[in-house]
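Produce the entire structure from the sequences given, and follow the hints as far as they go.
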Amino acid sequence: MANTLPEKSLKTPLQIGVTGGIGSGKSVVCRIFQAFGIPVYEADERAKWLTEHDPIVKADIVRVLGPNAYDATGRYNRGWVASQVFSDPDLLKQLNSVIHPRVMSDTEAWVKEHTNKPYVIKEAAIMNAAGDANSLDKVIVVQAPIALRINRIQHRDPQRSEQEIRNIISRQISDEERAKIADYTVINDEKQLLIPQLVAIHNDLLKAVT
16 MANTLPEKSL KTPLQIGVTG GIGSGKSVVC RIFQAFGIPV YEADERAKWL TEHDPIVKAD
76 IVRVLGPNAY DATGRYNRGW VASQVFSDPD LLKQLNSVIH PRVMSDTEAW VKEHTNKPYV
136 IKEAAIMNAA GDANSLDKVI VVQAPIALRI NRIQHRDPQR SEQEIRNIIS RQISDEERAK
196 IADYTVINDE KQLLIPQLVA IHNDLLKAVT
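Every letter in the sequence shown is one number past the one before it in the working numbering, and letter 68, counting from 1, is 83.
Be aware that one or more of the hints could be misleading.
As the list claims (entries may be wrong) - Straight-line alpha carbon distances no greater than 30 Å define the calculated DSS-like cross-link-like pairs of lysine-lysine that follow:
1) K206 - K108
2) K108 - K132
3) K63 - K108
4) K127 - K73
5) K195 - K222
6) K127 - K108
7) K63 - K132
8) K132 - K222
9) K63 - K73
10) K127 - K222
11) K195 - K63
12) K195 - K108
13) K195 - K206
14) K63 - K127
15) K206 - K222
The set of hints was computed from the structure by calculation and includes no laboratory data.
Following this line, the structure appears as structure tokens:
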């Protein structure tokens with residue numbers, strides 16, 4: 016577990032990333048941090064909200080993908096969009112280039128609303144190491160065995176087959192790759208107690224800003 020922060024990062028609030036593969040339990044981890052009084056920004060959910068409600072993002076998406084990106088009621092046609100970008104990396108890059116900057120500016124505004132907090136949490140499925148093209152000071156990686164992750168996903172989403180879930184996992188970065196960006200690693204295997212791990216990280220981060 017890391018105990019020090021780079022000098023440039025000694026600011027309030029610290030920005031802490033939480034990431035992990037599908038079914039790892041990163042959302043549960045974030046809810047526990049919220050119970051500690053720490054605000055959590057769910058980047059993936061916020062991006063979905065922006066695609067539905069932000070007029071600038073909506074206009075840019077239509078410019079990239081055409082009018083079929085939204086249905087007749089103005090709702091984001093997520094399934095259709097996925098089918099268009101799945102096999103077209105260039106189109107996916109164009110789509111991300113209009114969504115990601117808006118999410119970043121939305122995140123910055125959100126952080127400024129919480130300057131009274133010692134640190135804030137940013138949750139996302141895809142994340143770079145702290146300081147690597149982002150404003151993060153530390154990254155927490157949540158890990159769990161693949162078999163347990165599959166079981167969790169099937170429990171919450173029964174219509175998904177095991178093979179479908181394994182395909183999703185295979186398209187995400189590996190646990191080994193995530194471990195390389197981790198300043199803290201949380202083991203959420205239902206054997207090791209989860210809350211004591213998070214209390215230790217919470218206390219460590221509080222010490223870093225005092």
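Verification of the supplied hints:
no. : hint        : verdict
1   : K206 - K108 : 40 Å, violated
2   : K108 - K132 : 35 Å, violated
3   : K63 - K108  : 17 Å, holds
4   : K127 - K73  : 25 Å, holds
5   : K195 - K222 : 24 Å, holds
6   : K127 - K108 : 29 Å, holds
7   : K63 - K132  : 26 Å, holds
8   : K132 - K222 : 13 Å, holds
9   : K63 - K73   : 11 Å, holds
10  : K127 - K222 : 21 Å, holds
11  : K195 - K63  : 28 Å, holds
12  : K195 - K108 : 24 Å, holds
13  : K195 - K206 : 23 Å, holds
14  : K63 - K127  : 21 Å, holds
15  : K206 - K222 : 28 Å, holds
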